[in-house]
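Engineer: Single-letter residue listing:
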Amino acid sequence: MELAEEIRINATRDIVFAALNNVEILKQAIPGCEALEATSATEFTATVVSKIGPLKARFTGNVTLVDVIAPQSYTMVGEGKGGPAGFAKMRTFVHLTDEGESTLLRYEVKADIGGKLAQLGGALISSTSKKLAGIFFGNFEALLNGERAIERSSE
Amino acid sequence: MQTINVKVNGTTYQESVPIRMLLVDFIREVVGLTGTHVSCTYEGVCGACTIHLNGEAVKSCMLLAVQADGHEITTVEGLANDKELSPLQKAFNEQHGLQCGFCTAGVLMNMTEFLAKNPNPSDDEIRHGLIGNLCRCTGYVHIVNAVRAAAKSIAN
Amino acid sequence: MASNPQKTNDSWMGSRLARKEDLRLVTGQGKYISDIVLPRMLHAVFVRSDRAHAKIVSIDTSAALALPGVVCVVTGDDIVDELRSMPQPVLLPNLPAKYPTFYPLCVGKVKFHGAPVALVIARDKYVAEDAAELVEIEYEELPVVVDPEAALEPGAPLINEDHDDNEIFSMTFTGGTTQAEHDANDKEVEEIFQNADVTIKERFRVHRTGLTPMEPRGVLCDWSDSDGLTAWITTQRPHIDRLAIIDLLDIPADKVRVIAPRDQGGGFGVKAPFFRENVIIAHMARKLGQPVRWIESRYESLMNVGQERDQINYLEVAATQDGKLLALRNRGIADNGTGETGVYWGFVMPFLGAVELPNTYTWDKADVKLRVAVTNKACLTPSRAFGHFPTRFAIERAVDMIAHKIGMEPSDLRRKNLIPHLPYTSTTGEYYDSGDFVQVWDNLMSHIDMAKFREEQQAARSEGRYIGIGFGTGVELSGMASEVLVPMENQPGYGAASVRLDPRGTALVFGGDAPGGQGHETSVAQIVASAFGIEPQDTVTTTGDTATTPFGSGTIGARGASYFMSAVHNACVEIKVKIARILAHDLGISATLDDFEFVDGQVVLRSDRSVKKSFRDIVERIIMHPINMPPGEVGGLEATVYFEAAKPMICFNADFCTVEVDIHSGEFKITKWVSSEDVGNVINPLIVDGQMHGAIVQGLSNTMFEEFIYNDQGQQLTADFENYKIANAADMPDIEVTYSPSPCPHTPLGTRGIGEGRPSSVPGALSNAICDALLPFGIEITELPLRPGAIWKKIQESQA
Chain A
1 MELAEEIRIN ATRDIVFAAL NNVEILKQAI PGCEALEATS ATEFTATVVS KIGPLKARFT
61 GNVTLVDVIA PQSYTMVGEG KGGPAGFAKM RTFVHLTDEG ESTLLRYEVK ADIGGKLAQL
121 GGALISSTSK KLAGIFFGNF EALLNGERAI ERSSE
Chain S
1 MQTINVKVNG TTYQESVPIR MLLVDFIREV VGLTGTHVSC TYEGVCGACT IHLNGEAVKS
61 CMLLAVQADG HEITTVEGLA NDKELSPLQK AFNEQHGLQC GFCTAGVLMN MTEFLAKNPN
121 PSDDEIRHGL IGNLCRCTGY VHIVNAVRAA AKSIAN
Chain B
1 MASNPQKTND SWMGSRLARK EDLRLVTGQG KYISDIVLPR MLHAVFVRSD RAHAKIVSID
61 TSAALALPGV VCVVTGDDIV DELRSMPQPV LLPNLPAKYP TFYPLCVGKV KFHGAPVALV
121 IARDKYVAED AAELVEIEYE ELPVVVDPEA ALEPGAPLIN EDHDDNEIFS MTFTGGTTQA
181 EHDANDKEVE EIFQNADVTI KERFRVHRTG LTPMEPRGVL CDWSDSDGLT AWITTQRPHI
241 DRLAIIDLLD IPADKVRVIA PRDQGGGFGV KAPFFRENVI IAHMARKLGQ PVRWIESRYE
301 SLMNVGQERD QINYLEVAAT QDGKLLALRN RGIADNGTGE TGVYWGFVMP FLGAVELPNT
361 YTWDKADVKL RVAVTNKACL TPSRAFGHFP TRFAIERAVD MIAHKIGMEP SDLRRKNLIP
421 HLPYTSTTGE YYDSGDFVQV WDNLMSHIDM AKFREEQQAA RSEGRYIGIG FGTGVELSGM
481 ASEVLVPMEN QPGYGAASVR LDPRGTALVF GGDAPGGQGH ETSVAQIVAS AFGIEPQDTV
541 TTTGDTATTP FGSGTIGARG ASYFMSAVHN ACVEIKVKIA RILAHDLGIS ATLDDFEFVD
601 GQVVLRSDRS VKKSFRDIVE RIIMHPINMP PGEVGGLEAT VYFEAAKPMI CFNADFCTVE
661 VDIHSGEFKI TKWVSSEDVG NVINPLIVDG QMHGAIVQGL SNTMFEEFIY NDQGQQLTAD
721 FENYKIANAA DMPDIEVTYS PSPCPHTPLG TRGIGEGRPS SVPGALSNAI CDALLPFGIE
781 ITELPLRPGA IWKKIQESQA
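Residue numbers (the numbering used here), protein chains in the order written: chain A, 1 to 155; chain S, 1 to 156; chain B, 1 to 800.
Isolated chain A, as found in the complex (with noise of 0.2 angstroms):
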């Protein structure tokens, strides 16, 4: 499953790289997110509620980030595992851009699930990403702008 979008965030992109790199921030913008913890500068441990069609699965995992170029860009590589329900990997770009005082955040995301999540969530792997990648921008956006965050789960 591939995925790639703009959004336009209303705050400078030093402001911007900053939170991409907040653990306090991701953690409450991640949909389903109950535990993210900075193991290092660019790895973290997570505990992620989701569900994808009919299965609800409780995934922990480890997210990297990788090819740093602050405040430009990175990639976070991460791999979870649901137990019984399978797993999932995502691999997303994150680049961003001036635009005046705002910021265009463009992600691409690489995401593929396995075992009884692709088999029973697989049609649904496509509409479920984007749902919590729109989640979690939303969130994130809403964060910066000292707002709480608005959807906590994915359902």
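For the record, the hints were derived by calculation from the structure and aren't laboratory data.
All residues carry an ideal CB built from backbone N, CA and C; glycine is no exception.
Misleading hints may appear alongside valid ones.
Each pair of labels, with its calculated beta carbon distance range [what the hints assert, rightly or not]: (1) Leu288(B) x Arg106(A): 35 to 45 angstroms; (2) Leu65(B) x Arg106(A): 40 to 50 angstroms; (3) Ala63(B) x Glu147(A): 56 to 66 angstroms; (4) Val611(B) x Gly10(S): 55 to 65 angstroms; (5) Glu2(A) x Gln321(B): 43 to 53 angstroms; (6) Asn156(S) x Val540(B): 40 to 50 angstroms; (7) Asp82(S) x Asp78(B): 50 to 60 angstroms; (8) Thr97(A) x Asp78(B): 33 to 43 angstroms; (9) Lys56(A) x Leu288(B): 48 to 58 angstroms; (10) Lys125(B) x Lys56(A): 42 to 52 angstroms; (11) Asn81(S) x Arg84(B): 47 to 57 angstroms.
Once you've looked at the hints, dock chains S and B against the given chain A.
Structural biologist: Chains S and B only, in chain A's frame:
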């Protein structure tokens, strides 16, 4: 665990069962009637586990045992009347409506109810009535023949 | 509807006798594997890989073990030193291949989505399932190979690392045995193609599909230190399974008994291989000293077995302008999956598919080559129409494409090229023993008025309706002679049966094969009743128990009516010879078997029909009162007979179907299906009809609906009946089966084994009918499955 009272083929069973136990497992493993089969493994697609719950054909893998509390169940073992095969059972034998027999219990339970509601079905109606029962051996031709023959025999 | 007649010509042979098996099956009294329960029985659940190709980094079983009720959790590393790896010689064909080494649980890495990684054994089924979900496996992913052609490219990631490439098997089937002979043959074929009036060349693709018995697999093993192992296995070949278990677990041969349950919910080839699950369940029962049972879920079944077909055939055909087929050239590529299954290893199916490619037609020359690739998918499992479903689709389509090119009726072209006289040896070396293809064909054509159909077709087209007719033919192995089966599967082909008479005049028959719905108990009873002049209800048949039955290679390849039933008949004859000798002695006359008739429960002297004795009395006399016997004769009436025909045997069929295609949606409806069969002398037409109906519908379901789908990561996406759709009753047409039989000269009753290869003519016939309906659009179907969307797309493309 929960105690349930279920009448199966006329005999009442009072049993203590785990809440999550499926009705098909209750019938097969607690009551010990193994004519009801599991084929799609609890998806409700194949129809091999079809029984009658209060006279209505249902897939017993789609229900919990506790949901049958206080109700009456008929399984394939209860179709024959005092060892006398039902017209449908007889027709399945005479028309070769079964080969391996694994789907047969479910087909018989479904079609028994079907014929009660449609005493004079067309072949097309029979085929549509069978959609919930998968059979891998017969190609359905002899099953349709058997249901048609049973309808005739019941009418006479 | 005809009622069931009792006897035909004073014999039960050929009677539409209602089956003996049915009484228990329609009343819920059948005994299938999941109905067998032993005291102290434990429940096993496999933990299966959710990756297609990955190193196993670690397995954490602690949470699973901590669950109350869990007895043990074992992994590949736990058992690797406790049992032998596959392959073992008994499970190896005599064919040159690169056989993978493997254990019942994966060791080191997983090679397909669904591979068994760990086994949980618990006192309760639900607890075992819970515990299986708690086993944590850490993987390191490896490059996944799902495309067979890519798998054969140099430098492709290796799946079986003990080999230097992913080609498990390759072979040239034509021209001789040496490279020089092959080269010379290929050159001659090329010359035919160069000079031919007309040629076609296409890539024919048949997807991964197969058979799915309604009853999934299961194994129940019990161990005792004194008697050893008793293993109930859903299997078509208990005797082979027994030998494999003896060798793999190093148990003395006298201490292993395998029982195929009397009732099995279908096999269709899927229960013919030797599976890794059998070994580990047997091993754990021995190790724990307690019965262990594994019942496969549908999910596991669709992940692991019943996947067949999956071939690409680059087929070329050369012909003359007046429709004489000249030569064929084929480069087959088959997608084997991992190859981790005993007896067949995946490639034996495409091997036979290539052998059977020439089908019923005469060819001057052929050049047939096959390459089989290992991929990160489940190993192919045999499925009815073993290996030749794809090659027959290709050849039957190619024949129609030639017909379209030269403007000839496809039916006329077929008749012109049918093998006119048998015996015949095909260009790939397959021996066709007997029969009359042309007669069977003409019988088929007597059920359709072609000229009238073409008129109706024209009239329909003028109204915007598209109807079509399609034909297919199929020659099938009728059982497999030792001279075929020893090279192919390293097993004998003979049929074996023991017949034992009881002092009360009834018969017990024992056979080593293991049926799953074919009605053996009824057919055997008809043969025995005909032989002894008794009633069919007086025969009881036991199959599948290695402790009581003579060796049999299994219920495979249509060997019931060809080999097993012939052995039953010959055993009856042997017993009758003895009865006749003793009766003649008792009567004080000089007479042999030919002088007596066994009829209506009596043994009658033909020359003076008033001289007779009841069958029961003479049987009781010989078994219970063996005094005053002829010289050298002793009491008892029992015979075990092994039957091997002089030659490998075949059966033959031809089909036509008519369809109507909606060009606006690509949807089509089968409006008629007629088959013409040469099945030899028929023991029970009711049963044979049922076999044909079932096989044809299996072929249709494979052609139209079923498809195993793997994504590019090797994830198998079709592991339930919602996503792996099987035809239901409303999807399928009525089927008319007609017969034009010729008695088989190589069996004592003229019978032929039937049913195994029967689905193979179906995909060609149906595709041909659709192409015939769409002839104005010039559409030639070269890929399965036949989905309305794909047909609609072709119609759109042709109009663009």
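Engineer: When you take the CB atoms of leucine 65(B) and arginine 106(A), is the distance between them in 40 to 50 angstroms?
Structural biologist: 48 angstroms, holds
Engineer: Verify the CB-CB distance for asparagine 81(S) and arginine 84(B) against the hinted window 47 to 57 angstroms.
Structural biologist: 55 angstroms, holds
Engineer: Check the following: the C-beta atoms of valine 611(B) and glycine 10(S) are separated by a distance inside 55 to 65 angstroms.
Structural biologist: 56 angstroms, holds
Engineer: Is it true that the C-beta distance of asparagine 156(S) to valine 540(B) lies inside 40 to 50 angstroms, as the hint says?
Structural biologist: Cβ of asparagine 156(S) to Cβ of valine 540(B): about 34 angstroms, so the range 40 to 50 angstroms is violated.
Engineer: Starting from the hint 35 to 45 angstroms, judge whether the C-beta atoms of leucine 288(B) and arginine 106(A) obey it.
Structural biologist: Roughly 59 angstroms apart at Cβ, these two residues miss the hinted range, so it is violated.
Engineer: Verify the CB-CB distance for lysine 56(A) and leucine 288(B) against the hinted window 48 to 58 angstroms.
Structural biologist: About 36 angstroms separates the Cβ atoms of lysine 56(A) and leucine 288(B), which means 48 to 58 angstroms is violated.
Engineer: Take a look at whether the Cβ-Cβ distance between threonine 97(A) and aspartate 78(B) falls inside 33 to 43 angstroms.
Structural biologist: The hint (33 to 43 angstroms, Cβ to Cβ) is violated, given that threonine 97(A) and aspartate 78(B) are roughly 56 angstroms apart.
Engineer: Given a hinted range of 50 to 60 angstroms, is it respected by the beta-carbon distance of aspartate 82(S) and aspartate 78(B)?
Structural biologist: 54 angstroms, holds
Engineer: May I ask you to test the hint 42 to 52 angstroms on the CB atoms belonging to lysine 125(B) and lysine 56(A)?
Structural biologist: At roughly 24 angstroms between Cβ atoms, lysine 56(A) and lysine 125(B) fall outside 42 to 52 angstroms, so the hint is violated.
Engineer: Starting from the hint 43 to 53 angstroms, judge whether the C-beta atoms of glutamate 2(A) and glutamine 321(B) obey it.
Structural biologist: 52 angstroms, holds
Engineer: The hint says 56 to 66 angstroms between alanine 63(B) and glutamate 147(A); measuring C-beta to C-beta, is that right?
Structural biologist: 40 angstroms, violated
Comparing the model with each numbered hint stated earlier shows that hints 1, 3, 6, 8, 9, 10 do not hold.
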